[in-house]
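Student: Each chain, written out:
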Amino acid sequence: MSESSGHGGFCPGAGIRGVEHPPTFPDAADSLLNSPGSEQPSGSKGVLLLADGTRFEGTLFGTEEIAEGELVFTTGMCGYQESLTDPSFAGQVLTFTYPLLGNYGVHPGVSESSSVHPRGVVCKQHMAFPDHRDSVGSVHDLLVAHNIPGIEGIDTRALTRRVREHGTLLCVFGPAERADEMETILQEMTPPDADDLVAEVTCDEPRLLNPGATDEKGESLPRLAAIDCGVKHNILRELCRRFEVVWCPASMTLEEMIRDWSPDALFASNGPGDPAHPGTATDARKTLAAAVRQGMPVMGICLGHQLMGLAAGLRTYKLRYGHRGSNQPVMDLETRRVHITSQNHGFAVEDPIQGMLAPHPSGACSEVTDNVLGAEFKVRHVNSNDGTVEGLDLLDKPAFTIQFHPEACPGPHDASPLFDRFQNMVVEHLSRTGAEIVTKDGGP
Amino acid sequence: MGVELIGCNLAAIDEAEDRDLFKKVCEEIDLPVCKALACDSIDEVIAAAEELGSFPLLIRPAFTLGGLGGGTAFNMGELVEIASQGILHSAIGQVLIEESILGWQEHEYEVMRDGSDNAIIVCTMENIDPMGVHTGESIVVAPQQTLSDSDHQGLRDAALKLIRRLNIKGGCNVQFAVEQSTGDYRVIEVNPRVSRSSALASKATGYPIARMAALIAVGYTLDELPNPITGEGTTAAFEPTLDYCVVKIPRWPFDKFRTADRKIGTSMKSTGEVMAIGRSFEEACLKAWASLEYGKPHPRPLTMSDASDGETMDERASEKLPTALLEDWLRIPTDRRMGAVIEAFRRGYSIEDVRDLTGGITRWFLRRFEKLAAIETEIRAAGEIGMRPAGIPESEMRSWKGAGFTDLHIADALCGFPESGFKNLPTGQDETALRMRRHELRVHPRYRMVDSCAAEFAAVTPYYYSTYEGGSAGSGVDYVPGLSSSVKQKIAVVGSGPIRIGQGIEFDYGCVHAAGAIQDLGHEAIIINNNPETVSTDFDTSDRLYFDPLTLESVSEILLREDANGILLQFGGQTAINLAIPLANELPHLSTMGLELTMEGTSPESIDEASDRERFEEFALRCGLRMPDGATATTPEGVRHAANEIGYPVLVRPSYVLGGRGMEILANYKQLESYMRDAYLSSDRPLLIDKYLGNAMELDVDAVCDGEDVLIGAIMEHLEEAGIHSGDSTCFIPPQNVPDEILEQVEEWTRVIGLELGVRGCYNIQFAIHDGLLYVLEVNPRGSRTFPFVAKSTGIPLARIAARVALGERLCDLDIPDPQNDAVCVKAPVFPFIKLRGLDPAPGPEMKSTGEVMGSHVRASAAYLKARLATEIPVPTQGGVYITVKDEDKYSMIPLAEKLNAMGFTIYATRGTSRVLRSAGDLEVKTCYRIAEGRSPDALDLMRQGKIQLVINTPRSTGGAVLDGNMMRRLAVELNIPFVTTLAGARMEVEAIKEAMDGIPEPRLLEIKSLN
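So the protein sequences, as listed, match chains G and Y.
Under the working numbering, the first residue of the first sequence carries the number 5, and numbering increases by one thereafter.
Under the working numbering, the first residue of the second sequence carries the number 5, and numbering increases by one thereafter.
Read the hints as simulated data drawn from the structure, not as lab findings.
We treat Cβ as the ideally placed atom computed from N, Cα and C, and that holds for glycine.
Do not rely on the hints blindly, as some may be mistaken.
Computed spacing ranges between beta-carbons, pair by pair [what the hints assert, rightly or not]: (1) Y:G119 x G:G222: 39 to 45 Å; (2) Y:D188 x G:R21: 22 to 28 Å; (3) Y:D34 x G:E223: 46 to 52 Å; (4) Y:V7 x G:G222: 57 to 63 Å; (5) Y:L445 x G:A198: 54 to 60 Å; (6) G:G222 x Y:C38: 34 to 40 Å; (7) Y:D34 x G:K382: 47 to 53 Å; (8) Y:A462 x G:D219: 48 to 54 Å; (9) G:K382 x Y:R23: 46 to 52 Å; (10) G:G222 x Y:G97: 47 to 53 Å.
Residues of chain G clear of chain Y, computed beta-carbon distances all greater than 12 Å [stated by the list, open to error]: (11) E68; (12) I189; (13) R297; (14) S420.
In isolation and in its complexed conformation, chain G is listed as follows (with noise of 0.2 Å):
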């Protein structure tokens, strides 16, 4: 039942049809195979200071130095390798509500990227002793393997409830004998949402994953340019079942995509931050606006969904505490049924007629922009409990996006058949535009 392949790297293009010698790319776990493992957590003192000016004394783990960063909170039971490894994540330090973190140890090829994305980690008792098969070494070893802080002993639900009260807040947590040290960064910190944090995750340069993927009828598959503001592998993955992909960084342009590699539909993937960044998260926008106005089929997760908002002019805002966890409600208003979906996002889209449902309470939100995408939409899915929106249909365009991630990992595989829609979307509009999908040279 377990998908993990016992070896390290991430190959989207393994096992499918047609394809020969895909790449392999680096998975955050690679680093602790054939390594000895670090030493056990040195059991030092450390205090975490919140922008509130609680403070809360654990034991260090990890790489033993300061973290600091937007303090945020998953309800996941499991899934930990996948949360630490989602590049969502940059910018903020994670806490896992669940309180024994580190269960099954970290196992190779299940990452979600090539390193860990939290600036740190809190929880309230790591596992210094994993007990999986697969399992190659204790979270402690993947931090210590990524640079990152964690912190342990903490008394999560009390911080759980008051990141609720709040709303998501700065922290800094590192050695007690440095607290003197961590007072000055919280006070001079700046909230990660102003870097420009998809820059720092999204790829170098342009990859084709699967290159002569086919179907079962030896057929070539549609080629989709996937935009990376720090996307999730297991997207990569499900999208090279049903596509051939180009890995795209967040910052090319509809122009270089088409000139480069002739795609036949577009995906913009999840990723950090604010969704209205002037930085590269405006590039891929544009992007994503362009391809829609071309009538190019898009899909967009997370992130993705937020530009797709933004773009047809929706305001976008910090949401209190976010959506973070495996156990998230999604109701289709199409056809009134819920899904319980794996989420991980801080913004949202504003509803149209509602508003800005469970804000923050800095009311940090976008400009009122225009509708760019000469097309009109609809709120298709909206969060059970909050009423915020979750998922948009284009109108006449072969084109929707949704906040939740039904790639999964961590989290449940209700939303996974969305995959498919997209698919039949791109294989319709293909057909209905009468364009045939030849096959493609693999690009400059």
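Given the structure of chain G, go ahead and fit chain Y onto it with the hints provided.
Tutor: What follows is chain Y alone, placed relative to chain G:
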């Protein structure tokens, strides 16, 4: 009839419960089930073994009776041997070779689905005991601990696929076996209904599965229902996420049934369970242990006394448990295994050693137990170098408490677990000293809400657990909105803990009513309990629920946290009432911390007077109440002397008991000596020796006293004579055979006892009538197990009245409804004999029943018939009756045998009995051999041949017939043949048969009136 079955479909039940159909369903949707191959020859068997890949393999012969010729083979040699036999024994020469999943991990998924196909997983659970032990018998942890996200999602998908394929609307439970080293899994079974596991899952998550399933059954969809925990604005269509660890431990009856086979496996032997919640596995585990009430509130190093159940005067009691025995306890799953695992780590066994010995307990869990043993060693070591409670540093205190160690556990460990036991720790080193130090350090538990969402949303469930986690976080969390400003009185009710012999669900009934009564009076009701199977632990039964152990330590902390005004102890059975005196002693200390608590109801002083044998004898003497001659003794000589003074037969039992533990009727000196060999005597644990009133009629009375008036709920007449435990007796309301003047005396004495003893609230008295004279046997200053029966029979809400009186109301101010008196009500016991081998299925002075049923009708015989039918043991209307009775009963049997014969039954009897029966005249009796004669046909043969539909066997308390009777009763249990063991029971059974032949009596509507 136009009645629609809602909420389940019959096809789903068939497909889930029929083994073959279920296998087909799983194969159809590509879910793996245990692989099995049918083989007609040894060559095929060998080929099958190769195909299946690995040993062990199960061999199941096709079409044999009782699995003859089957077995488990661990290698090819064994396989060939067993399979050859199997093929031989099979009626069609075929065996099924099946892969064995023994030792695999067991995981459970609780699934909910509505009519619109929305489906969710409410809870995942992982069994600590690997496959081979029934999940009800296993220690279970929620959520699952050792599966990765991809492992878990794979099983989640499979569970959802199954509930969809079976088209179940409502709740269901799916069990998987997982081979940890490969990740292979098999679907074991689906329970297409709300089950025992769903009760646990509900309490573990806060998600009320049964209620939601009922709403789904009437047509709601999950998304339409507000989330029952987080309230309006959130939806029931979500999956609970936990930020704590839950441990469930079954409660087995082996402390009562010392002769029963303790081995646990595929059939349920536990009577109940406890659950505990903590912020670490260790904490949850030790809290659950403390909730079990086995007599040892925390793990201690194992000695020979553990092997003899701690009740022995054996000189070897202080000897360390021998290695061979320890390893047996690890190897063979019994109730002792968890203690043995911790002991193994104490002795330095490695994780791998213990894993191998236990047949595959997951290393992760073993690592946690190893950690517990390590902390214990750390505390012990600190004690060895002189640390005393008063000198424990704060960091150590926090760390030990955080791992779940109770005050008593730490104190005991600091003293090095002395042989004299945890109850006799030296002053200054005992539990009190530890608690003083802890309070001095201001180390108190924090209370966390069970909110199903890991604090993501503000929840509305007033459902809490304690944890000593908290580190330096100064601010309390999970406060109750409005608690500090509440002006209401806060009254706590202590529940009755796990269901066990002698303390069943009846006590929960009282607790639930007590909570209701508190609310009736405009106060806030707080319930403390640890049993996930109860209504009292539904979070909407009270204003606030605390899921915690029922120990002095945890109850005191809750009272402090709540700043409670009162506590009610008379409804939670012996568990709660036993807290009365210790809590009263603790109150001065608690008051220094600001607690102003009233112990509501009967005072601890009166409780002691009623419970302490010597004090009660003085009381009886003072009030002119007759008691059977009795004495208390603390030494073997004292016991012998007392028995001689009183005269045999005597009834012997330890003091302060519930459910008659260790109670026996001894006919002579020889039996007394034999009893003494097993008895445990000490100055604080005396033995009571009473005159046994042979052939006495027993009465039970439940009553309420407010200090000036007494309300008698009902007088119950036992069918069986005194000496059969009252919990095991069949009883009648109103009494059927008691003269009016005696009834008047019973009422008068009940009044005197209530008023003179100073009872405030409920009490229960057992009386006996012997030779026309009334005797008081015992007084229980608390609600009894018959309270629900009385309420349902009379329509008077007795528990509710008792609670209101205990809280200070006067009976004369309550509008108490008139009792119904137009029918007879009968309560009959239900016994667990089929599950518990090695237990003599004859009622005696020790309680053996696990439950009860009730029948109600205008005619006593019809009411009895209804109760008998409800026990699910058939009432025969034709066939044969086997009669073997003790000599003094033989002549009394004649009219019964005649009646049975006249109704068309064939009478079988042993020689002695048949001679007497024939002597009456023309009664036709078939004679058979006594079992001990070893000749055919004996009773066992006749029973197996299906010729016997009823056994009347009044056992002699002594002599060689004991074993005969035991074997016969065992077989009757296994063949589901009714048997009666008393003359009175036989008379009533004959009446019931007569009723049954006239047809099933019509139903009767019961009504319990409410109190305004």
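Student: Given a hinted range of 57 to 63 Å, is it respected by the beta-carbon distance of V7 (chain Y) and G222 (chain G)?
Tutor: 59 Å, holds
Student: Classify the label on E68 (chain G) as holds or violated, using whether its beta-carbon is more than 12 Å from each beta-carbon of chain Y.
Tutor: 18 Å, holds
Student: That 22 to 28 Å hint for D188 (chain Y) and R21 (chain G) (C-beta), does it hold up?
Tutor: 27 Å, holds
Student: At the C-beta level, are A462 (chain Y) and D219 (chain G) separated by a distance inside 48 to 54 Å?
Tutor: Taking Cβ atoms as reference, A462 (chain Y) and D219 (chain G) lie about 50 Å apart, which means the hint holds.
Student: Does S420 (chain G) really sit off the interface, with its C-beta more than 12 Å from all C-beta atoms of chain Y?
Tutor: 10 Å, violated
Student: Range hint 47 to 53 Å: satisfied by the CB atoms of G222 (chain G) and G97 (chain Y)?
Tutor: 51 Å, holds
Student: Run the C-beta distances from I189 (chain G) to all of chain Y and say if the shortest one exceeds 12 Å.
Tutor: 20 Å, holds
Student: Does the Cβ distance between D34 (chain Y) and K382 (chain G) fall inside 47 to 53 Å?
Tutor: Once the Cβ atoms are compared, 37 Å apart, the range 47 to 53 Å for K382 (chain G) and D34 (chain Y) is violated.
Student: Go ahead and decide if the range 46 to 52 Å is satisfied by the Cβ distance of K382 (chain G) to R23 (chain Y).
Tutor: 50 Å, holds
Student: Taking the beta carbons of L445 (chain Y) and A198 (chain G), is their distance inside 54 to 60 Å?
Tutor: 45 Å, violated
Student: Just want to verify: R297 (chain G) was marked as not at the interface with chain Y; is every Cβ pair farther apart than 12 Å?
Tutor: The claim holds: R297 (chain G) sits with its nearest Cβ about 36 Å from chain Y, beyond 12 Å.
Student: Given the hint of 39 to 45 Å, is the C-beta distance from G119 (chain Y) to G222 (chain G) inside that range or not?
Tutor: 43 Å, holds
Of the numbered hints given earlier, the model fails hints 3, 5, 7 and 14; all others are met.
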